[in-house]
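Participant: These protein sequence lines map, in sequence, to chains C and P. With the first sequence counted from 1, adding 428 to any position gets you the working numbering. With the second sequence counted from 1, adding 26 to any position gets you the working numbering.
Note that these hints are calculated values from the structure, not bench results. Check each hint, because a few of them may be wrong.
[Unchecked claim] Straight-line C-alpha distance at most 30 Å; calculated BS3-like pairs for lysine-lysine:
{"hint": "1", "chain 1": "C", "residue 1": "K652", "chain 2": "P", "residue 2": "K261"}
{"hint": "2", "chain 1": "P", "residue 1": "K45", "chain 2": "P", "residue 2": "K131"}
{"hint": "3", "chain 1": "P", "residue 1": "K261", "chain 2": "C", "residue 2": "K561"}
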Amino acid sequence: MPQTQLLPEQASTMAPRVDALYFFLLAVAAFFTLLIAGLVIYFAFKYRRRSKNEAGVPIHGSIWLEATWTIIPIIIVLVIFGWSSSIFFSMARPPAKTLDVYVVGKQWMWKFQHPDGHMEVNELHVPVGVDVKLTMTSQDVIHDVYIPNFRLKADVLPGKYTHMWFKATKPGKYHLFCAEYCGTNHSGMVGWITVQERAEYEQWLAGSSGQGTTMAQAGEKLFKDLACSSCHQTDTIGRGPTLVGLYDNKVTLDNGSTVMADDAYLRESITNPRAKVVAGFQPVMPSFQGLVSEEGLLQILEYIKSLRTTPSNATGVVPPPAPAIPAKK
Amino acid sequence: MDTAATPHSNYLTDGYSLKSWLLTRDHKRIGLLYLFSVTAFFLLGAFFAGIIRLELLTPAGDLVSSDIYNRLFTMHGVVMIFFFLIPSIPSVLGNFLVPIMIGAKDLAFPRLNLLSWYLYTFGGLFTLWALVTGGVDTGWTFYTPYSSSFSNSNVALVIVGIFINGFSSILTGLNFIVTIHKMRAPGMTWFRMPLFVWAHYATSLIFVLGTPVIAITLLMVGAERVLHLGIFDPKLGGDPVLFQHLFWFYSHPAVYIMILPAMGVASELVAAFSRKAIFGYEFVAFSSLAIAVFGFLVWGHHMFVSSESVYSAMAFSLLSFLVAIPSAVKVFNWSATMYKGSISFEAPMLYVFGFIGLFMIGGLTGLFLAAIAVDVHVTDTYFVVAHFHYIMVGGAIMMYMGGLHFWWPKIFGKLYNEFWAQVAAVTIFVGFNLTFFPQFIVGYLGMPRRYHAYPPEFQLWNILSTAGATVLAVGYAMPAFYLLHSLFKGKRAPSNPWGAKGLEWETTSPPPTHNFETPPVVTEPPYNYAK
Ligand code: HEM
Ligand SMILES: [Cu+2]
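If we strip away everything but chain P, and leave its shape as in the complex, we get (with noise of 0.2 Å):
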């Protein structure tokens, strides 16, 4: 493994055959490892959505039975929060670029790093498995006693994958953890780390403290199915609502999961196409740990209309609202970056304004939700199906196309087109705020979540968020082809294609396999694009 870098070496060109991939150690062929699979579980979960949108067009159930609808939205929430979500950014772009962005050779674990993609993947496997051989039907929410007395699926089997695929983010969050304390090159101070490596910071917080919460918490309901305990369910002597409390005590931080890692991208690309530094970098860096840390005192907020009492309900939803402010602020402050910058608008910085545009939408329908009153009615309806997609798909996906867009040019050494990734860039946003803008409308008028067939009234709202997700297939689907195109066909990327600032763009594209000719030394604050 030990080639001695030169300019024509790089980590793609170290080794071609299957098993220099299938067995590296290198956390930048991790990250392609998991771009690969973490690409076939977007395009699986966007198929059952295809089928979900098509059922929905019509009133009546008449495309798919209603067993057939019901594992097919568990299947679509289950593959696009745990098997797309959750690693996409963390373990696509923060394995490829934590280690380089800090100055380092690699992560603290490489073994553990491979380790986490074969649990992944294996995880992933097997959930598809349980699938083929029969489905599972209770929701990705798997709520009791549904899932642990009552579900004629495959609900054991899926939760298996599911605790699986938990242990790969938890050694995922602990390498990233260790390798930010230990492995920053000399210089690199916490307060010169670049905000993305922040954000990966936080993140990998709740991946360590939280994820074990659901694997138990999952494995009891399966303990359940299998040994009839009586945890979950009122005729064994158990509680039904317990499981709906460890169950979100994970679930609503994993939501930050998902959208921490995009915050830290959104501050990168920010910067680089503004050509300036962060404004209020430190209240952007401590605003991550805040989130990760509130977002574990809010669970109760799916709960209102679960017999909560009066006085809980209330203290979650102030909890609620002043989790909201940290996100508030970073919005306020990645648009004054704006101000006085030198501002480009290749595809990149186009998703990073549809990025701010959904993100907000998302979060400020967030206050709805967090007050009680108005959740009552809205909970549980496509209100809050919009809600969680505007901020999941809204602001997760937009920021894991945006740095993909960005670093695509130092993964792979090669320059896309970027009048289609433009073109993509904007079918995108215009798909996805036809899709589900509806949604909001549709989930106020009353439309249940969940539902396979629903009062004719609600059709037209329903037709234009189906019209709405074949422009945004459309638009997913157009990166496939001028990305792959690039492999083979693009222009050699420079080392710095954009003029930005960071230490990735310091090396090599595709860097060397030890990340740098020279050991970096770091002497500069992050962003110092005035000098």
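Here chain C stands alone, though its shape is the one from the complex (with noise of 0.2 Å):
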């Protein structure tokens, strides 16, 4: 890269429309600038001190004025809200379809898993035009996944999962940084993101190691392993509720409230149980708080992600669509 260079690449579908609001910033930003530094030079030649013991003429104020230069301002920055919003509000929404990483942060490195198996440290492969969703966790302190050539950033945070989604436009190694101060080695946590043309892409899928257990899988075994299949049975027999169907559903809670069983409940279900108690169910069920690793978490999410397709599922529910790259040929 050329060290002259003053933007970096554009590598996202983000990373034209932040610049575009950058460059009108800049712009408004560059016009006030001069305007005042102009008039204030101008001023000071103008009205210099020419004798000793000259005032300034007496000028009180005017109410036009400052109404005149509170209201431009506004009007400006309101424009400035409104434009930023409308693209933060296309950061913060996930399209439907989109292929899944888990991320998770810990003091210094990276770790990505692919919903199919593939696991990776500081570095990460994704196809070039396709939405790829980040979840992300972290194992201790905050961490901070920032790519500055998708013009995005996203904190990753303890005990909580975030997202963060993008569109790669162009393939290439792109800087992956630790963007929140996270210790000793804060400098060190960083790593690729490597976007590949979706051949390359899936001779990479191909041809690493890592293959044969999916996320789901792994998260099954988990899932059998912690005896958390003793209680939760596919059917209505267990003495904990069934995880069928469960997922991106309303779940009834025992207060008669509902809460929306998404990664942060079934998170908070199994670390923290008794926060949130199903209708109809004692609060038996044990926290699994540290006897699960937060890559062990994200695979049985995973794995209860995996049932909602599955032709039993009680609710009713329409199964969801495929993700948007088939995650294995």
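These two chains come separately, so use the hints to put the complex back together.
Facilitator: Right, dumping it as structure tokens:
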């Protein structure tokens, strides 16, 4: 990369939109800087003191001027606000069909899991032109996934899942930084995003190790090993509610309220089961906090997600669409 | 203490023993005690900055280890924010001038005032001790759960130091508020108060309302570290983001603690060097209050990327844009004040020009950060480092320096060398821009902040920045020489060397112990240059 560059390369669908707003802001800033600096310099010379005891002409103020220079900036900032919010909405809302990748940050490395079972450290391969969604959590402190070429960044928090989605538009190798200060080796918590043409990406998928067990399969194994399956059966005879068809559906709790069974709810139900108890069940589930790693939790999550497509779906939910790109050929 | 004020006796000559200084209740002497401590902390903070910039000269982390580097930028931030920027203008210039400007003999609670200097200095020394015995590596923001559960450094000790110092802020704020309400001279109505006093009034509100929040928040971090309580660490059942809400609820308004007094100084200086009343005096006065109040509503803009909900992010974004308006209005007012003025270019006015320029760039780049979509890209990069240095260093320090020069003859009764003062002002301005402007660029290119080593493609901008820091250091060092020199060899200052308006110029330089020979009565509006 040439050193005199002023903008990072644009490599996602978001990048040109953010840059456009950035240029607009630069124009606004330049305009006001030149205006004020120009006026100040002009006044300074035009009205410079000519004799020792000269005083200025008293001018108390002007409501009309105050109103003008209050209202015009308000209009300008409202335009910026509307523009930036519309971009932000697209950043915050992933499309319905995405290729999912799971991210665990830990002092000081990035761990990635693809649903088909691939694991990567400090390097993430994604195909070009595909909507990719990251589901992220941290094993210790707060980290932050930052990909300047995508103009995207999101904190990675312990105890929570955060999300980021992007569509890469150019094959290449891009910086991946940790942007939230996380201790000694913070500046070493860096990696690469490798964006590949579809064919190349599939070749990479096929050629690298870790094949065989998908995340869902690993999750199912954990589910059995941790004896979750002794209470949660595929039908309703268990001591715990069935997990089939649960993901992305409403759950009624014993206090009468309902929650959406999303990543955050599922995680909480595993690490802190008493927080929200499903209506009709006793609060007998033990906490698995500390018994299962963050990666393991994500695998179980992926397993529970896979159950939503099971035909024995009791709640009658329409099966969700298949992922945007088949994980395996 | 009760010496009859004669032209030869003033607050400086009123007792020479160490005890007469260390036990003084005179707000002017306490102001000088602060000047001494604040300057010491500034030098220390600047020393840390120097090593940081040297380390960043090359992409590899080769000068100091990463642990040392992390401690350096943390101590740089902690010292500069809590022990330099927050107390600088209010405690040095405010202490000295607020009572004089409203025609009072002293602050309302002189003993409390002395106590707050002791708290400040003790808090500072305590923090230094924590530094010598191991340092802190959390960043001045102390984000949890890193600070509460993971860091292997003296987090708890430093927090105690900041906590002690917090009481100093609260006491100073209380003292100013009561003084401004109760001790104004006859005829000194609210709308005859100098804008400097208005600014300190607004600042004091933040001191009193905001400081307890940070004090308690930091105490909770300390408690979690020591007692493993589970407030912020999810492993213990806490919420990692809760801290950020509490922290920024104070620390965003704290930015206004740093900048409002600077705006007050700017108003005084623009009026004095244009020989003109401030254009739209009431608007400028009320915009200080508006900033103080609305400043409490925008803390969420520091957290756009920490899993805040889309709608709360938008609400904070909108509020942040709106709070920018009163600041913009002030800049317009200062510029308009110069229209048809009688403008002269002594050093304090050069600082005003620098201030207007740097504060504008700082403020306008704030719009970039309030625009969430752009903020997502630039937050936690050098763009933010540049932005807050433009506001805090470019804004607050420029006016601290400007104010110090402006009132120096009043405070010490001596004139400094005008030529060198002008050279220093220009050097600081040039050095500052060379240091921090490249950081906007390298920030937009994606260089994260708090990085000890960085990819080589960012190096050019870092070289420029380090070169600038060298120039800046020279600029900051110069006043140390000619100001000290003035104390011994400077010409005697008349009571009103600038031909300025304001009660402080009606008393002798330096002022007598009780500020005025005869208690003043105010009969005119402020800045009445025309008559
Ligand atoms: C010669 C002048 C200065 C230079 C070269 C300088 C340099 C720096 C640098 C490079 C950082 C970023 C550290 C990092 O993120 O890795 C930083 C942070 C900071 N600086 Fe300065 N600085 C200077 C003066 C000041 C002054 C005068 C103040 C305030 C009075 C100040 C306040 C801060 C604060 C609050 C931080 C944030 C610390 C943190 O990230 O935790 N700086 N400075
Ligand atoms: Cu990290």
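Participant: If you check each hint against the structure, which ones fail?
Facilitator: Per hint list: zero violations.
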